[in-house]
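Undergrad: Here's the letter readout for the chains.
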Amino acid sequence: MDQYSHVESEQAQSAFGFHGTWREFAPIAFTNLLLIIVTLGIYRFWAKARERRYLWSRTRFIDERLEWTGTGLELFIGGILVILLFVVPYVIATQVGQAMIMRGEVVIGAILFIAPLVAIFYLMGVARFRAIRYRLGRTNWRGIRGGSNDRGFKYGWSYMWKTVAGYLAFGLGVPWAMVSLWNERWRAMSFGPMDFRCSADFSPLMKRYLLFYLSPFLLIALFTALLFAVALGLQVDGDFDPENAPIGFLAAMIAGGLLFYLGLGFIWLAYFAKFFRVVVDNMGLGDLDFHFDAKTWDWIKLGLGDVALLVLTLGLGFVFLGYRHWKFFVTHMQAFGEINVDGLTQSTTRRDRHGEGLLDAFDMGAI
Amino acid sequence: MIQRETIPAFWYDGLTARRHEGAAEWDGGDNLLLLSETGASMDVALGDLVFVERGALDGSYSRKSDDGFRLVLTGSVPDALAERLPSGQKFGKWIDGLGLPKAAALFAGVSAALLAIVLTAPTWLGPRVPPSWERKIGDAMIGDMGNRLCRTPASDAALAKLVSQLDPEQPVTRVGIANIDMVNAVALPGGQVLIFDGLIQEADDPDELAGVIGHEIGHVRERHVMQALLRQFGLSVLLGGINSDIGTGIFGVAAMSYSRDAEREADEFSRQQLARSNISPEGTAEFFEYLKEEMGGGPEWASWIASHPMPDEREEAFRDAIRGDHDYTPALTSAEFAAIRDACTDDPDVEEFDFF
Chain A
178 MDQYSHVESE
188 QAQSAFGFHG
198 TWREFAPIAF
208 TNLLLIIVTL
218 GIYRFWAKAR
228 ERRYLWSRTR
238 FIDERLEWTG
248 TGLELFIGGI
258 LVILLFVVPY
268 VIATQVGQAM
278 IMRGEVVIGA
288 ILFIAPLVAI
298 FYLMGVARFR
308 AIRYRLGRTN
318 WRGIRGGSND
328 RGFKYGWSYM
338 WKTVAGYLAF
348 GLGVPWAMVS
358 LWNERWRAMS
368 FGPMDFRCSA
378 DFSPLMKRYL
388 LFYLSPFLLI
398 ALFTALLFAV
408 ALGLQVDGDF
418 DPENAPIGFL
428 AAMIAGGLLF
438 YLGLGFIWLA
448 YFAKFFRVVV
458 DNMGLGDLDF
468 HFDAKTWDWI
478 KLGLGDVALL
488 VLTLGLGFVF
498 LGYRHWKFFV
508 THMQAFGEIN
518 VDGLTQSTTR
528 RDRHGEGLLD
538 AFDMGAI
Chain B
2 MIQRETIPAF
12 WYDGLTARRH
22 EGAAEWDGGD
32 NLLLLSETGA
42 SMDVALGDLV
52 FVERGALDGS
62 YSRKSDDGFR
72 LVLTGSVPDA
82 LAERLPSGQK
92 FGKWIDGLGL
102 PKAAALFAGV
112 SAALLAIVLT
122 APTWLGPRVP
132 PSWERKIGDA
142 MIGDMGNRLC
152 RTPASDAALA
162 KLVSQLDPEQ
172 PVTRVGIANI
182 DMVNAVALPG
192 GQVLIFDGLI
202 QEADDPDELA
212 GVIGHEIGHV
222 RERHVMQALL
232 RQFGLSVLLG
242 GINSDIGTGI
252 FGVAAMSYSR
262 DAEREADEFS
272 RQQLARSNIS
282 PEGTAEFFEY
292 LKEEMGGGPE
302 WASWIASHPM
312 PDEREEAFRD
322 AIRGDHDYTP
332 ALTSAEFAAI
342 RDACTDDPDV
352 EEFDFF
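If you read the protein sequences in the order shown, they are chains A and B. With the numbering used here applied, the first sequence corresponds to residues 178 to 544, in that order. With the numbering used here applied, the second sequence corresponds to residues 2 to 357, in that order.
What the hints contain is simulated information worked out from the structure, not anything from laboratory work. Beta carbons: idealized from backbone N, C-alpha and C, even for Gly. Just so you know, not all the hints are guaranteed correct.
Claimed, not checked - Which bits of chain B does chain A cover? Going by a derived footprint, with three or more residues having C-beta under 8 Å, they are:
hint	region
1	17-27
2	34-40
3	66-75
Here chain B stands alone, though its shape is the one from the complex (with noise of 0.2 Å):
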């Protein structure tokens, strides 16, 4: 313990950037004793030493006082300070003390829990959120369509009284006909509700119509609109850390599929409004045979990355629905139909529909 050990050694001391040659002195305590062929000296204590990597095979020590001294010990260190020596990080602390492997594991575990909840959490987060909650989101987000709806004293009237036979119970939906001329209707944030007028053009009865309102309802019923909202700002959030697009690529098939499972409950719900208000399932069914030679009835596995099911499926549920000899009413009379099809040839004052 008395015995002095003399290693040769070389640092800069972090003040100027000449090489200091000569010797570490250790007599066994905290401290190393540097002592310079020029007559200089310095005092550093064990303690106050970390490891840095210098090249393949030798490391030299720094000061976590001062990130400019450097230390390297050129003979052999004996054990007894070997010991004492700081070792230096690899990957950061928290993966060398566990080692690579399990802290791999670790993360992975974690970032696939992480993934899991914001996957699934909005499922049953999303009916949880006070309608009145959302409706205030989608007005933050959204606002008033103003003008840029097609609307006449009487297709208000006639839509309003297709959504109150779909829709009977204190209507959440506000559904409107928005002066597009593509083949689309969209359930938007708040229980906004949008016919494009390219669909309605499209549409030959109004039971037709129904089923795709219907459809819309459903998933503003079912707090789709909610759950879609929530999952894309976790995924977001969660993914912000990849700088890429690969990313958001792979997780956004992943919640594609979610998406699927929404649509196929909003088709239920829209057969089981159109059956309750005695509303033909017909018109539906044809409008989704329309849309199959329309996309011209792509590949199966096509069905695994699109958005919606297959249109085949789904026309065929929409005929499975259909009660052979029953008697249905027409959803709508031709003159409220008529008033529709018109609202946007109509209505004097509609704006174009641009979102920019």
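Only chain A is shown next, with the shape it has when bound in the complex (with noise of 0.2 Å):
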């Protein structure tokens, strides 16, 4: 008889669970932060390995734990070959072709200058390709584990095609393209025998990004009239001179500017947690939908969250930024259907033995 793993249709629980506490993280971060000091950085391969050993194996789907088989190894390797396949040669092609500009070879500088910066465009699309490819490679669960049969390399053409074309109509492509890109990297990922299905549609996103888009100029609009108003306000008041503004209209000035950029910060999010709502629910695996349920004002605590600890540690609690970000995601995370684990075989796909050393270089994360 087939055993099947199933979500409870009352919904008791959710499909995933975290339940890592950060006391129990704590050493773990603290020591990783130590030996990343001493070693000048190099630690944090393997630092990074064992976060997500902790953080996978905290985390449960259905009836049982996650885990990371990845090494700091590997992921040290990678760091090695980006150094020699990529910032190696960029730092020759931009020093050369300031050399050359010094002499007043102009053109050759100039493309010195910007075919790397193509080759950035192009490996960032296929650094993002195969840090999902690598992290579903080295995520067991029930012994089974994920991958893809592609290698990013037709992705990367994509990405830079995509998003050029997102910003060429004035920007206002940029949902269909994000959307797209989503649907393309994640119909090509697989877990055991099953492929990812994924068919989200940019247009429920264009409302909160025509309010993105839109909203430099209305908050200029209202901040011209609020200081328009306060200006008033002074002159009826007493005297107003523009060249001896009195302070509160300099303090009115500054506090407007970064209520400007908090304001379209939050914004933003306001259209990412939508964007990020809808490509998960249209994603699906076998018998299973997921669903992704954050709301703005979740993503803005987070981000708010992740400012205080650093700004409170000066810095140093970067550290725990990982186990956040992994915690709002799973704890956000839903699944519906069913899994007949004996369907579920070991997935065929190739595993590289190098780890996300481009994603890393870039500083983008995964998914």
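Both chains are sitting in their own frames, so use the hints and assemble them into the complex.
TA: Structure, rendered in structure tokens:
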């Protein structure tokens, strides 16, 4: 008889659960920090593997924990590969380019400057694809892992042209580009024998995107009106001399400027929260359907918490960021349906013996 | 030894996601026999097992040959078997072997030693790089300044006279006037010294110019440029692993202290050459007085992080070098000085100096 793992229909318990605690994680975080410092940063590859081993092992999917099988050594090899294949050629190209420009060979110099930038653009797409592939390939559930048969080189081209196309129409195509790229990369991924499904549509995102798109104009208008009112109020009160503005007016200017960027950030998060819900809600694997329930306010709390953590610890709190983000992701993730565990056979996808070096170098997140 | 031990267990075989419930049997040999309730069996070698953490208190065993395999022993494990089972890695193979405190101390020691080498080695390595190599490196990096230098036949002759007084032994330096309106002068790799036109316009007499050029030639002669190049290269390789500005910030400050020592050495060289050529150091002292007023005399602590010593300290050193009743000769005639002052306006095909 086949074994099934299924999500309780009454939803007494979410399919995903996280039961780590920061007290339990703290010794890992602090020893990682110590070792990163004394090794001048080299330990960070092993630190990342330790962190993930902990986070994955405290994450439950339906009735079994996840396991991280990646190692620090393969992340380290990934990092070395990036330096050899990418950082060294990049530094040489820009140095030679600079020397050429100094000699008046502006055209050759400019090419030597621009070509590496185009290469970075392409490789950013490849890196994002390969990071997801790497993480799925090192994630075990009931002994089964994921992966992809693609190696991401084709996706790099899609990433380039779709991103450019998204920005061409005055940036109005950005939601289309983001959703289409998400669909493309997740459709290439699999877990065990099953391919991920992903067929999100960008149109539900347009309302919030337009809000973000138009908000700078709205905010500037609002801001000018406010300043005008303040100035007018001061004028009524006494004499207003723009050359010698009173301190209150300057404070209002600075506060307004800060609020402008903060406001813009919040509106972007409102868009991004919706984006994440839409793409995840349209994902499936076998008989499972996924759902993500974080609202804009949850993302804002996550972001403000990160900032507070970094500021209060003078930056050293960065060792807890990975924990916070993973917990956020897992607690908001839901799944419905069931899995036939006998049908979930081992993945036959190829695994490379090196980690996500590229992505690490560009400092991007996966998923 | 003959006695068979049976330990309740469950496992995943790495082929499907099915969970096998049953028991692990051990006869004291090198293998575990896994027997499931449904009758399936599997043989695993003890030497093939690796420990994997599963949660706060329990662990599981994977196989070196298959990282999908998972065995969890749910019953108590007899001591004899526990001794044969592998233990897990915590920090990594080397660190676990040494223990965290020892390993951390060892790494810190090695890192400190490497940093010390990178910071100090250029001091003795720099002067050992043949000047012809430095010149090649400099030419590769910067090349010919071309028309961005101001030059007329008269200014070239005047500069050559000044340089031959300050650097009489087979000059390795090339001194030029850069068409930049800033009060500054730089020594670049390859013995290239640039005096900015802004500084020349600010100078009251040729002696002042001689002191500044002497200082920059001092940097070239003492091989400071080569040392700084080596130090910067070493630091960027060593700190490449730290993905933050904090590292570069901290060690930038450390490198600055070498820079201040180098400035003092270059000043010293300048004073020696002025004395040798019978040029008065007074003009240079006045130049630093001018700088001091421009900077507004920063607080004392600023000298710890500045690249140059404080101007008042430098002014004093040049003032102390003046010999009271000595008869100095001017570094240049007023006609020669005027040729240098007018070089940028008189040069017909000089170009704007932009770095981009």
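Undergrad: Taking the hints in turn, state whether each one holds.
TA: Going down the list of hints, with the structure as the test:
1. 17-27: This one holds; 4 residues, not fewer than the three required, reach chain A with a Cβ under 8 Å.
2. 34-40: violated (count 0)
3. 66-75: holds (count 4)
Consistency note: the structure conflicts with earlier hint 2 alone.
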